[in-house]
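Chemist: Here's the letter readout for the chains.
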Amino acid sequence: MSLQVLIFSLLACVSILGALGVVIARNPVHSAIGLVLSFLNVAAIYLIARAEFLAVVQVIVYAGAVIVLVVFVTMLVHPDDLPEFHGRRPLRVATGLVLGVALLLEVAAAILTRSLYGAPGPWTDQTIAAVGGNTRALGQTLYSDYMLAIQLTALLLLAATIGAIVLARPEAVSERVAAARRTLTISLAHPRGLDQPELPPALPLPPDGQVKPAGGGRPIVLARSASEFTEQPAWGEWRTP
Amino acid sequence: MSELSATHFLLLSAALFIIGMVGVLTRRNVLVIFMCIELMLNAVNVSLIGFAWELHQLTGQVFALFVIAIAAAEAVVGLGIVMALTRRADTVDIDELRQLRE
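Chains E and S, in that order, are what the protein sequence lines are. Per UniProt numbering, the first sequence starts with residue 1, numbered consecutively. Per UniProt numbering, the second sequence starts with residue 1, numbered consecutively.
It is worth saying that the hints were derived from the structure and are not from the lab. By construction, the Cβ of each residue, glycine as well, lies at the ideal position given by its N, Cα and C atoms. Please note that a few of the clues may not be correct.
As the list claims (entries may be wrong) - Label-pair distances were calculated between CB atoms; the ranges are:
{"id": "1", "chain 1": "S", "residue 1": "Thr-7", "chain 2": "E", "residue 2": "Ile-162", "range": "20 to 26 Å"}
{"id": "2", "chain 1": "E", "residue 1": "Cys-13", "chain 2": "S", "residue 2": "Arg-101", "range": "39 to 45 Å"}
{"id": "3", "chain 1": "E", "residue 1": "Gly-64", "chain 2": "S", "residue 2": "Thr-7", "range": "46 to 52 Å"}
{"id": "4", "chain 1": "S", "residue 1": "Arg-101", "chain 2": "E", "residue 2": "Gly-139", "range": "24 to 30 Å"}
{"id": "5", "chain 1": "E", "residue 1": "Leu-103", "chain 2": "S", "residue 2": "Ile-81", "range": "54 to 60 Å"}
{"id": "6", "chain 1": "E", "residue 1": "Glu-106", "chain 2": "S", "residue 2": "Glu-3", "range": "22 to 28 Å"}
{"id": "7", "chain 1": "E", "residue 1": "Arg-169", "chain 2": "S", "residue 2": "Ser-2", "range": "55 to 61 Å"}
{"id": "8", "chain 1": "S", "residue 1": "Ser-2", "chain 2": "E", "residue 2": "Gly-118", "range": "37 to 43 Å"}
{"id": "9", "chain 1": "E", "residue 1": "Ser-174", "chain 2": "S", "residue 2": "Ile-70", "range": "43 to 49 Å"}
{"id": "10", "chain 1": "S", "residue 1": "Asp-95", "chain 2": "E", "residue 2": "Pro-120", "range": "45 to 51 Å"}
{"id": "11", "chain 1": "E", "residue 1": "Gln-151", "chain 2": "S", "residue 2": "Ser-2", "range": "52 to 58 Å"}
{"id": "12", "chain 1": "E", "residue 1": "Gly-163", "chain 2": "S", "residue 2": "Thr-7", "range": "25 to 31 Å"}
{"id": "13", "chain 1": "E", "residue 1": "Gly-139", "chain 2": "S", "residue 2": "Ile-94", "range": "27 to 33 Å"}
{"id": "14", "chain 1": "E", "residue 1": "Val-166", "chain 2": "S", "residue 2": "Ile-70", "range": "18 to 24 Å"}
Said to hold, decoys possible - Here are some chain S residues pointing at chain E (derived, C-beta under 8 Å):
{"id": "15", "residue": "Ser-2"}
{"id": "16", "residue": "Ile-33"}
{"id": "17", "residue": "Ile-37"}
{"id": "18", "residue": "Val-44"}
{"id": "19", "residue": "Ile-49"}
{"id": "20", "residue": "His-56"}
{"id": "21", "residue": "Ala-64"}
{"id": "22", "residue": "Val-67"}
{"id": "23", "residue": "Ile-70"}
{"id": "24", "residue": "Ala-72"}
{"id": "25", "residue": "Ala-73"}
{"id": "26", "residue": "Gly-80"}
{"id": "27", "residue": "Leu-97"}
{"id": "28", "residue": "Leu-100"}
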């Protein structure tokens, strides 16, 4: 076993451990740390495969930008909304594990019995060195054979930026009220009034089947005026008791 | 197997992809599912680069670069959707997001 295989195996093991950490960790921040570990080790494996430019891009884009985005969004999400790991879904976990192991065995068998090998291309270490390195060779290929594709990629990134701005922009008050009316019943000028310290005891209900619950089972918000409701916390922070 | 070959890259790629797939199938937190999707895209890059290295071609590296660009776009839009979800439905548990079914 050569030194190269040994180093590759070490990096691959750490990267697989990081990937397992992503799936197993309860806390999403721990998952993000596992993801960084996996990405950095994969970047080192790219270096073994002589893809220096892609190793750098991997570190900057994946381990840098994407992880920072993930951690920021984790911070914006309510921590008490994070569901328990695999909570109360043993059947789903068992199905996922069985499917995963079966697929892994199938794919490993397919890889180990591979008999079709492509014809080697022109880019050996010598020709890449003659052009001036991996980055330069990659750039020449990108901007000659893949000109249209790289321009379309630029367009895609622009569209993604606009989409993210539209999705993440704060909602206007009118939109917030409209969204609230879909799930809440807003009662203006409640007859019992809100100035009393306590609401009087509720009247006895008529027999079943004769009365429809106000708001159809939806939570009722009491407000004396429309502006009082719109001054409530932002809609995403509204907690129904 | 004593010399490094594309088989090593393919096995690592398969392992990472399937770990990501199991995560998507078993987890309920939409953020963790998103991270597992990133893991799967990364696994595809590993096999592309392994093939490019074995065949002395740059095509695999070019494809991997495009995959990274599209993964970045997907990350931006996906996290925007997570933000909109927490604002609208106030949850990141995919089992509670069933408005389309009801």
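Chemist: All hints, please: hold or fail.
Modeler: Outcome of the hint check:
| no. | hint | result |
| --- | --- | --- |
| 1 | Thr-7/S with Ile-162/E: 20 to 26 Å | violated, 43 Å |
| 2 | Cys-13/E with Arg-101/S: 39 to 45 Å | holds, 42 Å |
| 3 | Gly-64/E with Thr-7/S: 46 to 52 Å | violated, 31 Å |
| 4 | Arg-101/S with Gly-139/E: 24 to 30 Å | violated, 49 Å |
| 5 | Leu-103/E with Ile-81/S: 54 to 60 Å | violated, 27 Å |
| 6 | Glu-106/E with Glu-3/S: 22 to 28 Å | holds, 25 Å |
| 7 | Arg-169/E with Ser-2/S: 55 to 61 Å | holds, 57 Å |
| 8 | Ser-2/S with Gly-118/E: 37 to 43 Å | violated, 22 Å |
| 9 | Ser-174/E with Ile-70/S: 43 to 49 Å | violated, 36 Å |
| 10 | Asp-95/S with Pro-120/E: 45 to 51 Å | holds, 50 Å |
| 11 | Gln-151/E with Ser-2/S: 52 to 58 Å | violated, 44 Å |
| 12 | Gly-163/E with Thr-7/S: 25 to 31 Å | violated, 39 Å |
| 13 | Gly-139/E with Ile-94/S: 27 to 33 Å | violated, 41 Å |
| 14 | Val-166/E with Ile-70/S: 18 to 24 Å | holds, 19 Å |
| 15 | Ser-2 | holds, 6 Å |
| 16 | Ile-33 | violated, 10 Å |
| 17 | Ile-37 | violated, 11 Å |
| 18 | Val-44 | violated, 11 Å |
| 19 | Ile-49 | holds, 5 Å |
| 20 | His-56 | holds, 5 Å |
| 21 | Ala-64 | holds, 6 Å |
| 22 | Val-67 | violated, 10 Å |
| 23 | Ile-70 | holds, 7 Å |
| 24 | Ala-72 | holds, 6 Å |
| 25 | Ala-73 | holds, 4 Å |
| 26 | Gly-80 | holds, 3 Å |
| 27 | Leu-97 | violated, 11 Å |
| 28 | Leu-100 | violated, 14 Å |
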